[in-house]
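> We have chain A; now place chain B onto it with these hints.
Those protein sequence lines, which keep their order, are chains A and B. Here the numbering used here is used: the first residue of the first sequence is 1, the next is one more, and so on. Here the numbering used here is used: the first residue of the second sequence is 1, the next is one more, and so on.
Worth flagging that the hints you see were computed from the coordinates, not collected in a lab. We treat Cβ as the ideally placed atom computed from N, Cα and C, and that holds for glycine. Please note that a few of the clues may not be correct.
What the hints assert, rightly or not - Pairwise CB distance ranges, derived in the manner of DEER restraints: (1) B:LYS227 x A:ASN355: 31 to 41 Å; (2) A:ASP492 x B:GLN107: 24 to 34 Å; (3) A:ASP28 x B:GLU79: 56 to 66 Å.
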Amino acid sequence: MITLLKNAKLIDPAHGKDGVKEDIYIRDGRIIAKPGDSEKINQTIDLNGKIVMAGAIDMHSHIGGGKVNIARMMLPEYQETKRYTEPEAHICSPSCTHNATPSTTDTGMRYIEMGYTAAFEPAILAINARQAHLEMGDTPMIDKGGYAMLGNDDYFLRLLAGKADQKAINDYVAWTLHATQTIGIKVVNPGGISAFKFNQRRLNLDENNVHYQVTPRQILQSLSRAVNELGIAKPLHVHCNNLGAAGNFQTTLDTMGASDGIPMHLTHIQFHSYGTEGDKKFSSAAAQIAQALNSNKHISADVGQILFGQTVTASGDNMMQHLNAKIANPKKSVIMDIECDAGCGVVPFKYRDQNYVNALQWAIGLEIFLSVEDPWRIFLTTDHPNGAPFTSYPHLIRLLMDKSFRNDAFAKLNLDAQAMSNLTSLNREYSLYEIATMTRAAAAKLIGLQDRGHLGVGAAADITVYTDQEDKEAMFSKPDYVFKDGELVVKDGKVVKVVWGKTHTTKPAYDAGVEKGLKDYFDQYHTIQLDNFKISNDEIAQDGRNQVIDHYKN
Amino acid sequence: MQTISSPQNVLATCPACGLLCDDVAVSWQSADAKPAVTLKSGKPCAKAIAFFSSPLKTTSPMIAGKPVSLADALGRVAELTAAAQSPLIAGLSTDLAGFRAAYPFAQKIKAEMMHMNVQSSLRNTKVLQSTGWQTTTLTEVKNRADMIVLIGTDVVSHNPRFFERAVWVDDAMFTDPSARKIVYLGGDDLDVAPGLSPVGVQPTVMPCATKYLPEVTAALRALLQGKTLKVDAVAGVAVSALDQLVEQLKQAKYAVLVWVAKDLDFPHAELTIQNITESVAILNQHSRAMGLALGGSDGDTTVNYAHTWLDGLTLGEHTLDTHDLVIWVNSFSPDKPAPIVNKPVIVFGHPDTVFNTAPDVFIPIATPGLDAAGTLFRVDSSVVLPLKKVRETALPTLAEVMQQLEAKLA
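If we strip away everything but chain A, and leave its shape as in the complex, we get (with noise of 0.2 Å):
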């Protein structure tokens, strides 16, 4: 069975391909050369000319586990806001559900509809995994795959603090990919859900959790380094410390330094990039951020965009979200410390245009992603749902790709934060290829999806086809193919098949003899079995859904 997308216009960064008109042949699931006069074609579509793009794939997007399905219970509100009218954050299909919280059904069907063929939770906790799995097992049409949450546990920092060689933490970080069946390492405000066990209130990058008597910086050295040596593709994933503090830019910029070049990722990074001048010591420290980023060429940063309108916050940074807990909207949150392992909290946001704070981190947010010069290393996010629903990016593309759109915007924002902003000093439009490369290209590299996030031979035809059109966010809303795995699943904007995508891994080897230290430590102050802690690929891989993939390349 062969199928022929004749006349497309490939957008393919990672070929260098841009509007170049080409056919694509599609077999059992995978992109294929040219076949043979002698095959037969099974299927032809004429695309006209259509622009063709791989799979949207979102890098950071909390769509499972524990703290998406509290705010799930604690938001029963959001269900029934279904004709929602605020536009910023509620751009979408007219089937969305609009809210912040989708279940799982709707998590799927609304990403595909978009174009987006495979998302990524950013934050498992490892003793949670199990449940993260579960939901992205009952998320339909779209590939899955998560990073695990390491440095505030309690055995690595007992590890760290008894000054274990650099083999021991690298092997209990692959043995946690394999036993938390993940794909990536990620570190939340390192060290500070611990200290806040302790009762400490802030972490700074030099300052000691107090028990454990090491420092933030120290944490991103070790799992930096742990990942870099393991040869895993994702760096590390960071939520740096004093998530949405006024100052914190400096720490972000210390940060960017503390792993001695060894590739990181700093997430959310808008969340990161705020000054103290002006008379509300607020300020965008944007440029700063920027400049960093531009002249660190081994680091890279999703954005974190905020948008207007309802939604939830759902971090694992309990420490920071226990301060933000005060300003919820609507006033209620949870807050856990969680078996020793990490911490969560979940609290409602309700970001408005009025609001100096709010008004000045949505252009903090664009005023990074213009500034910002390599799309390879800046990724389009809104940390679903904490900035805003992801059912917000064809809005957001177009904030970027349009700059009167963008200009005509900022000048209904709070007057004070127009005034400490130089958003409109910014020229510059993102072209369709530099969406193609931060939302396709550079996101499957960053992850290590060899075969996903292009056009090339070989490739999983994950493709999405959509009319050039001058209202980008029309554009973005509605294609009019999707392809997963070579099966036409979306045409004119709605599902036409129900599938149900894979689950990426990477799982490098490790010394066995990890689990003896592991062992005596679950017998002695866990509460539950070790063997029980790790999830097989029959759990996660049933009935034909879900199948386990493991990228790890030596």
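Below, chain B without anything else, positioned relative to chain A:
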């Protein structure tokens, strides 16, 4: 034919209460004998022993009390569901696989769903949806808690091994376990003996009837907020004693306030739970404290969570009156039979379920964690554990039955 294939030993996970102890060794000397149920600590747990010693019965599906084939029973189920305008799937005592199968079935037949523990679960849900809360989990309690206040509960009536597994442990990372301070605040007919420390220190018991806990917890919350009470006692509890409790809570390095929603069985108990959770929130402004909701049974946590992610909303409460067919699920316990109602009843149940009135259809199903593998959430959330199959039976799982049923309905 239902037999144990051969004598065997399994390190099992016990679903008999919300703690999901996964250190339960179950072993058979012979196929006919009851298994030996051994815990790591060497101490017995009545709930675990009862669960794993459940007799292996050959029970056939039945229509109106008469044995029939599974196919015939499912045929009758299909007829009844087709005739129903407004079915209710209740009981819902099952594991994750069972719920994942029951949810699309409910969608297909347009049934509402309700768990047998809905009333106690909703007490917690209402607090979560009103103010939220600040809570912790068992491993944190085990390693950090230096003060544990049990409010309106002894916990052990629900979770027999709470003290053994999370309190009086040999070693903890951040505190001396034997020095933990235990306080019982209120409750009826409590067993406070487990609160005795290994070095012989008695727990502090502040007696007050459960029905007075709304007043007493409100007083505790007010005192924590720094307010002055112009009385000497609240519902028989001396304010001076509450003052002392407040001082101890503030001094604690990691205080844990425990409740069991099922034990707070009075109108608007959610407001009492909120007094507890808001007391924790006040403490956390300067020191560290956390809440801990315990109890849990019959897969309630699992079913609530899975419904939330599949549906977007938590499971709610429904009255039997407004439904014309009741489909009852009790996988875990034979002692949770369907309610007696004047309408058709279908039971997917434990094979040992005894009926006073035979339901229209009874289909015996495998018990997860005993007859079948499975998955459950622990009561404190976050931790999800695999259940093991520890013996061979011919009984189908709920999911298998639902799949067959779906084929019949298609």
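> Taking the earlier hints as the rules, which of them does this structure contradict?
As far as the earlier hints go, only 3 is violated by this structure.
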